[in-house]
Amino acid sequence: MERNLRKERIGIVTSDKMDKSVVVTVERRVMHPKYGKFVKRSSKFMAHDEKQEAHIGDTVRIMETRPISKNKCWRVVEVVERAK
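For the sequence shown, position 5 matches number 5 in the working numbering, and the numbering has no gaps at all.
Don't read these hints as lab results, they were simulated from the structure.
Don't take each hint at face value.
Pairs of lysine to aspartate or glutamate residues, derived as EDC-like cross-links and limited to a Cα-Cα distance of at most 16 Å, are as follows [claimed, not checked]:
1. Lys72 x Glu8
2. Lys17 x Asp58
3. Lys51 x Asp19
4. Lys44 x Asp16
5. Lys72 x Glu50
6. Lys51 x Glu27
7. Lys51 x Glu78
8. Lys20 x Glu78
9. Lys72 x Asp16
10. Lys72 x Asp19
11. Lys7 x Glu64
12. Lys44 x Glu64
13. Lys20 x Glu53
14. Lys40 x Glu27
15. Lys44 x Glu8
16. Lys17 x Glu50
17. Lys44 x Asp58
18. Lys84 x Asp58
19. Lys7 x Glu53
20. Lys17 x Glu64
Using the sequences provided together with the hints, build the complete structure.
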């Protein structure tokens, strides 16, 4: 049996103060309907980080998963780039 394709996002960790959790901010560029200019829109996701390897400023890849808690249904797949 084949699993459904899960959504993946790449974003920057904005908080790692929780135990085994991080807040990831994902930015996207959307064209303004009237003025045609690209505007930055951001979404925040709470992601499960089992090994606690992601820290503030890191770029991470997160993947959709089953609900882990009330507002946590993403998990950290890998740390793409460490904060400098």
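Do the hints match the structure? See the list:
1. With a C-alpha separation of about 15 Å, the suggested pair Lys72 and Glu8 falls inside the 16 Å cut-off, and the hint holds.
2. For the hint pairing Lys17 with Asp58, the CA-to-CA distance comes to about 14 Å; that is within 16 Å, so the pair holds.
3. About 10 Å separates the Cα atoms of Lys51 and Asp19, which keeps this hinted pair within 16 Å; it holds.
4. For the given pair, Lys44 sits about 13 Å from Asp16 by alpha-carbon distance, which is consistent with the 16 Å threshold.
5. Among the hinted pairs, Lys72 with Glu50 is consistent with the structure: their alpha-carbon atoms are about 13 Å apart, no more than 16 Å.
6. A distance of roughly 25 Å separates the Cα atoms of Lys51 and Glu27; the hinted pair therefore is violated under the 16 Å criterion.
7. The straight-line distance between the Cα atoms of Lys51 and Glu78 is roughly 11 Å, inside the 16 Å bound, and the hint therefore holds.
8. Straight-line distance between C-alpha atoms of Lys20 and Glu78 comes to about 14 Å, which keeps the hinted pair within the 16 Å bound.
9. For a cut-off of 16 Å, the pair hint linking Lys72 to Asp16 stands: about 14 Å separates their Cα positions.
10. About 13 Å separates the Cα atoms of Lys72 and Asp19, which keeps this hinted pair within 16 Å; it holds.
11. A distance of roughly 5 Å separates the Cα atoms of Lys7 and Glu64; the hinted pair therefore holds under the 16 Å criterion.
12. A distance of roughly 13 Å separates the Cα atoms of Lys44 and Glu64; the hinted pair therefore holds under the 16 Å criterion.
13. About 9 Å separates the Cα atoms of Lys20 and Glu53, which keeps this hinted pair within 16 Å; it holds.
14. Restraint check: the Cα-Cα separation between Lys40 and Glu27 comes to about 7 Å, which is no more than 16 Å; the hinted pair holds.
15. Restraint check: the Cα-Cα separation between Lys44 and Glu8 comes to about 14 Å, which is no more than 16 Å; the hinted pair holds.
16. Between the alpha carbons of Lys17 and Glu50 the distance comes to roughly 14 Å, so the proposed pair stays at or under 16 Å and holds.
17. A C-alpha spacing of about 15 Å is found between Lys44 and Asp58, which places the hinted pair at or below 16 Å, so the restraint holds.
18. With a C-alpha separation of about 8 Å, the suggested pair Lys84 and Asp58 falls inside the 16 Å cut-off, and the hint holds.
19. Taking the CA atoms of Lys7 and Glu53, the gap is about 21 Å. The hint is violated against a cut of 16 Å.
20. Proposed proximity of Lys17 and Glu64 is contradicted: the alpha carbons are some 21 Å apart, above 16 Å.
Figure legend: structure checked against the earlier numbered hints; hints not met, in rising order: 6, 19 and 20.
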